[in-house]
Amino acid sequence: MPSNPKSSTMTGAEIVIKSLIDQGVEVVFGYPGGAVLPIYDELFKQNKIEHVLVRHEQGAAHAAEGYARSTGKPGVVLVTSGPGATNAVTGLQDALMDSIPLICLTGQVPTFMIGNDAFQEADTIGITRPCTKHNWLVKDTDDLAETMHQAFYVATSGRPGPVLIDIPKDVQFASGTYIGPRNIKPSAYQPKLKGDTAAIQAAVELMEGAKRPLFYTGGGVINSGPHASQLLRDLVEATGFPITSTLMGLGSYPASGDKWLGMLGMHGSYEANWAMHDCDVMICVGARFDDRITGRLDAFAPKSKKIHIDIDPSSINKNVRADVPIVGDVGHVLEDMTRIFRSRGAKTNKAGVAKWWEKIDEWRAVKCFDYEGSDTLIKPQFAVERLAEAMKKHGDYYVTTEVGQHQMWAAQYIPFDSPNRWMTSGGLGTMGYGVPAAVGVQIAHRDSLVVDVAGEASFMMTMQEMSTAVQYKLPIKIFILNNERLGMVRQWQQLLHGERYSSSYSEALPDFVKMAEAFGCKGIKCEKPDTLDDAIAEMIAYDGPVIFDCLVEKHENCFPMIPSGKAHNEMLLGSRAGAGDISQAIESDGAVLV
Amino acid sequence: MDLKRGSSSRSAYHLRPALKEGEERRTLSVLVDNESGVLARVIGLFSGRGYNIESLTVAETDHTGHRSRITVVTTGTPMVLEQIKAQLDRMVPVHRVRDLTSEGPSVERELALVKVANTGDHRVESLRVKDAFRASVVDASLESFVFEVTGSPEKIDAFVDLMRPLGLVDVSRTGVAAISRGPDGM
Numbered sequence: 001m002p003s004n005p006k007s008s009t010m011t012g013a014e015i016v017i018k019s020l021i022d023q024g025v026e027v028v029f030g031y032p033g034g035a036v037l038p039i040y041d042e043l044f045k046q047n048k049i050e051h052v053l054v055r056h057e058q059g060a061a062h063a064a065e066g067y068a069r070s071t072g073k074p075g076v077v078l079v080t081s082g083p084g085a086t087n088a089v090t091g092l093q094d095a096l097m098d099s100i101p102l103i104c105l106t107g108q109v110p111t112f113m114i115g116n117d118a119f120q121e122a123d124t125i126g127i128t129r130p131c132t133k134h135n136w137l138v139k140d141t142d143d144l145a146e147t148m149h150q151a152f153y154v155a156t157s158g159r160p161g162p163v164l165i166d167i168p169k170d171v172q173f174a175s176g177t178y179i180g181p182r183n184i185k186p187s188a189y190q191p192k193l194k195g196d197t198a199a200i201q202a203a204v205e206l207m208e209g210a211k212r213p214l215f216y217t218g219g220g221v222i223n224s225g226p227h228a229s230q231l232l233r234d235l236v237e238a239t240g241f242p243i244t245s246t247l248m249g250l251g252s253y254p255a256s257g258d259k260w261l262g263m264l265g266m267h268g269s270y271e272a273n274w275a276m277h278d279c280d281v282m283i284c285v286g287a288r289f290d291d292r293i294t295g296r297l298d299a300f301a302p303k304s305k306k307i308h309i310d311i312d313p314s315s316i317n318k319n320v321r322a323d324v325p326i327v328g329d330v331g332h333v334l335e336d337m338t339r340i341f342r343s344r345g346a347k348t349n350k351a352g353v354a355k356w357w358e359k360i361d362e363w364r365a366v367k368c369f370d371y372e373g374s375d376t377l378i379k380p381q382f383a384v385e386r387l388a389e390a391m392k393k394h395g396d397y398y399v400t401t402e403v404g405q406h407q408m409w410a411a412q413y414i415p416f417d418s419p420n421r422w423m424t425s426g427g428l429g430t431m432g433y434g435v436p437a438a439v440g441v442q443i444a445h446r447d448s449l450v451v452d453v454a455g456e457a458s459f460m461m462t463m464q465e466m467s468t469a470v471q472y473k474l475p476i477k478i479f480i481l482n483n484e485r486l487g488m489v490r491q492w493q494q495l496l497h498g499e500r501y502s503s504s505y506s507e508a509l510p511d512f513v514k515m516a517e518a519f520g521c522k523g524i525k526c527e528k529p530d531t532l533d534d535a536i537a538e539m540i541a542y543d544g545p546v547i548f549d550c551l552v553e554k555h556e557n558c559f560p561m562i563p564s565g566k567a568h569n570e571m572l573l574g575s576r577a578g579a580g581d582i583s584q585a586i587e588s589d590g591a592v593l594v
Numbered sequence: 595m596d597l598k599r600g601s602s603s604r605s606a607y608h609l610r611p612a613l614k615e616g617e618e619r620r621t622l623s624v625l626v627d628n629e630s631g632v633l634a635r636v637i638g639l640f641s642g643r644g645y646n647i648e649s650l651t652v653a654e655t656d657h658t659g660h661r662s663r664i665t666v667v668t669t670g671t672p673m674v675l676e677q678i679k680a681q682l683d684r685m686v687p688v689h690r691v692r693d694l695t696s697e698g699p700s701v702e703r704e705l706a707l708v709k710v711a712n713t714g715d716h717r718v719e720s721l722r723v724k725d726a727f728r729a730s731v732v733d734a735s736l737e738s739f740v741f742e743v744t745g746s747p748e749k750i751d752a753f754v755d756l757m758r759p760l761g762l763v764d765v766s767r768t769g770v771a772a773i774s775r776g777p778d779g780m
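Residue numbers (this note's numbering), protein chains in the order written: chain A, 1 to 594; chain B, 595 to 780.
Rather than coming from a laboratory, the hints here were simulated on the basis of the structure. Treat the hints loosely; a few may be bogus.
Computed cross-link-like contacts, EDC-like style, restricted to lysine to aspartate or glutamate with a CA-CA straight-line distance of at most 20 Å [unchecked claim]:
hint, chain 1, residue 1, chain 2, residue 2
1, A, Lys350, A, Asp258
2, A, Lys139, B, Glu742
3, B, Lys679, B, Asp627
4, B, Lys679, A, Asp312
5, A, Lys347, A, Asp533
6, A, Lys185, B, Asp733
7, B, Lys679, B, Glu618
8, A, Lys185, B, Asp656
9, A, Lys211, A, Glu237
10, A, Lys554, A, Asp370
11, A, Lys139, B, Glu629
12, A, Lys192, B, Asp656
13, A, Lys350, A, Asp447
14, A, Lys303, A, Glu335
15, A, Lys379, A, Asp533
16, A, Lys211, A, Asp142
17, B, Lys749, B, Glu719
18, A, Lys194, B, Asp627
19, A, Lys185, B, Glu676
20, A, Lys192, B, Glu618
21, A, Lys473, A, Glu26
22, A, Lys211, A, Asp370
Here are some chain A residues the structure puts well away from chain B; computed CB gaps all over 12 Å [said to hold, decoys possible]:
hint, residue
23, Arg129
24, Val163
25, Pro191
26, Val353
27, Tyr505
Quick partial rundown of chain A residues pointing at chain B, CB under 8 Å, derived from the structure [what the hints assert, rightly or not]:
hint, residue
28, Asp123
29, Ile125
30, Ile127
31, Val154
32, Lys318
Just so it is clear, CB atoms sit at the ideal spot from N, CA and C, and this is done for glycine as well.
Next comes chain B alone, as it looks inside the complex:
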């Protein structure tokens, strides 16, 4: 893998190295009918109108009601962010749009599967780092491990950076899932 140390800021999740002046980062939760093409519709809105996607996660969360929850992390000026929410909200299959960042405290988690190939000291060290990050081993061979690590995107970045000199081979990340704190639902 051609990943340089600290280059995670240029990964698919961090296409923009840092926030430009006047821009903010928001995590939006979008509840949609899980109908054919709904993801293409949402992505097409972002690409067609030139909005940024830093992370996008989608899965059906209500199997009987056929509802999916899309979590999207985006950046922009306050005016653009307001536009993004309004544009999402007026789409026909969209039931609700929530701005988790601005509407009160929320939790964000991401899961990653990280493969390292190593032996000897590196193998021992990677297990120590795994423990420090409370990651777990989900696959092992005599010359490799697959670790499962969960946390904020920054924690996963840090874990991946530490694994790089220890024989990092592959990383697979889910993107951010987020939910508001407290008793209220969407």
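Okay, chain A solo, but in the shape it has when bound:
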């Protein structure tokens, strides 16, 4: 298109940078190498995009996820060919499972060497095909701009997800035509945003008659944007129905709201899981009936009619059959749903719902998150509660986590009153997610408090990113619940494998305070409950990255728990279930489940 005034000729590397700028990208997380040197050269020559040098490509992907999840904007990753690309794979799959928009740019050996087992060559497109929403190998510089803009469109529209563009080095050097984002061809990919009005009407009719209704919401509400969270809050208030959420959806409805039942699922609250089991109308909004949520499928919410709102048609009827499926964007559908609900007079079965609340209050009275305190040892739940208290006092906080018991305790005890504040690896369960995610969050929110609630084992998977935090002056706080165990593995071995603790302790642990100092961070160690508040205050007050080594009770189990293969109404409670019950809790058919 030489006659187009908006197009011009530039090198492939220049096209990459120009496309990123035109897409509004401010930060790129990456790591250089031979096959991306021309792009790094262009990054060097400009000031509009900040490059954050991570210490491992997995860190780049998780940092971009943290950035994306906390801002609602896509995260951008730039890595080299071969090992650069393969190291990013865990982050791509993590983003795919949790629907996080990422654009991953990988260098590739020059086109004429592809397939020759060249140095640092890998079949990046083949390797990442199943762990991206889509990927492209660009063989011609003239196709590069179009592909870059398509990549942003695909990553951010519909159900968001990671995409990857593999760019051979000769394509980066060669010249081609640049076109702007507005000049690209429409894609075959056109997700449906508006829900079917007749279906929404049917859903409203079900809601009007419901005696035991329940909102079950997920990450889709957060992905749909702050507007969707607001609409959800309005609809919950207008109906007076109780609401629970998945791990990924925390914050879309405020934890301080009186309709809030807490998180549901394997380690969810007693009231949320019982309400799921007994409800007669379930309004699933942007959640996908994951096995961590449903428990035993044939006993899942047996008495309920299910309304399922999802932008991805393949999420509907995948695990659980929906009575009223609504394909569309959560924001659009909730808007229509609220309008139709109000236009019909905002009717609900008030008497029925009041009785339902009485029942829910009985479940709430069980106080499922109670635990036995201690004067001598720090209970992990106590540590998270005190951290939450201190963060609330501070205000403006973001939380990331690693994966395991500490992650569940963080979800149970830390309240979130707004969306985009909680970053955790839900679908993939990636240990090592939290530190780099915190880096990405802090890059986007320089003045906010960013805390990674960690376990010592997860922390050691990606702790090299502390060096990134120091380099970019990112005051992230790593709050380690150190039980010297792979706590969740140990818990399952206790429940399921006759207390044979095969390779589930963290031996030869480093001195985290000295490690912090070696990185140039502050190290704090805390062993006694009565010193915890002061130590947490010191951590929050410190203007720089902190590694907080909180030594906790080593054998604490995470409760409540729905054992594998059990139904919601068969959940175990911590203070009530002794170790004897626990070892009998999982039957052989449940043992094969993860």
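Fit chain B to the given chain A structure using the hints.
Positioned in the frame of chain A, the structure of chain B alone reads:
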């Protein structure tokens, strides 16, 4: 060729001997951009999610628009089949997915090239069978024929079974191509 009589149900096209209880067989037509890797993407979806492929045929059908049409025969429970369609439909290069089996009448055809090596009575008999199946001879030598036969997969199975005692050497099948009946296009 190590093909026993009736063993075609265990050939690449019939990996599953018979439909399991509650399962159905469907023929899907998928219109895709003919871009690099698109077939790998579709096959990867089936293998990665544990879906079955009984037959898969692909070729570019629109050279100017670079569109290919994939015909895939698959089996599964109604819930799984619905998943397969939804999973295919959300792929970026996929324009359209049609379930030819459930969306009205359709025609299915497969083509096979069948080589037999024989002389004497067997040679005469194989020509008679060829005529009965309206197959044609596309190659001949004094001791062999290559037949071209077109029809439903069952018809081709039957033809191959009849050729087995008559000196069957080799079979090459295209897989199923299918299209809906009536005036409407995809």
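Each hint, compared with the structure:
no. : hint                   : verdict
1   : A/Lys350 with A/Asp258 : holds, 17 Å
2   : A/Lys139 with B/Glu742 : violated, 40 Å
3   : B/Lys679 with B/Asp627 : holds, 17 Å
4   : B/Lys679 with A/Asp312 : holds, 12 Å
5   : A/Lys347 with A/Asp533 : violated, 48 Å
6   : A/Lys185 with B/Asp733 : violated, 48 Å
7   : B/Lys679 with B/Glu618 : holds, 14 Å
8   : A/Lys185 with B/Asp656 : holds, 18 Å
9   : A/Lys211 with A/Glu237 : holds, 16 Å
10  : A/Lys554 with A/Asp370 : holds, 18 Å
11  : A/Lys139 with B/Glu629 : holds, 12 Å
12  : A/Lys192 with B/Asp656 : violated, 26 Å
13  : A/Lys350 with A/Asp447 : violated, 45 Å
14  : A/Lys303 with A/Glu335 : violated, 28 Å
15  : A/Lys379 with A/Asp533 : holds, 13 Å
16  : A/Lys211 with A/Asp142 : violated, 60 Å
17  : B/Lys749 with B/Glu719 : holds, 18 Å
18  : A/Lys194 with B/Asp627 : violated, 26 Å
19  : A/Lys185 with B/Glu676 : violated, 30 Å
20  : A/Lys192 with B/Glu618 : violated, 29 Å
21  : A/Lys473 with A/Glu26  : holds, 17 Å
22  : A/Lys211 with A/Asp370 : violated, 30 Å
23  : Arg129                 : violated, 6 Å
24  : Val163                 : violated, 9 Å
25  : Pro191                 : violated, 8 Å
26  : Val353                 : holds, 32 Å
27  : Tyr505                 : holds, 35 Å
28  : Asp123                 : violated, 10 Å
29  : Ile125                 : holds, 6 Å
30  : Ile127                 : violated, 11 Å
31  : Val154                 : holds, 6 Å
32  : Lys318                 : holds, 6 Å
The structure fails to meet hints 2, 5, 6, 12, 13, 14, 16, 18, 19, 20, 22, 23, 24, 25, 28 and 30 from the earlier list, while all remaining hints are met.
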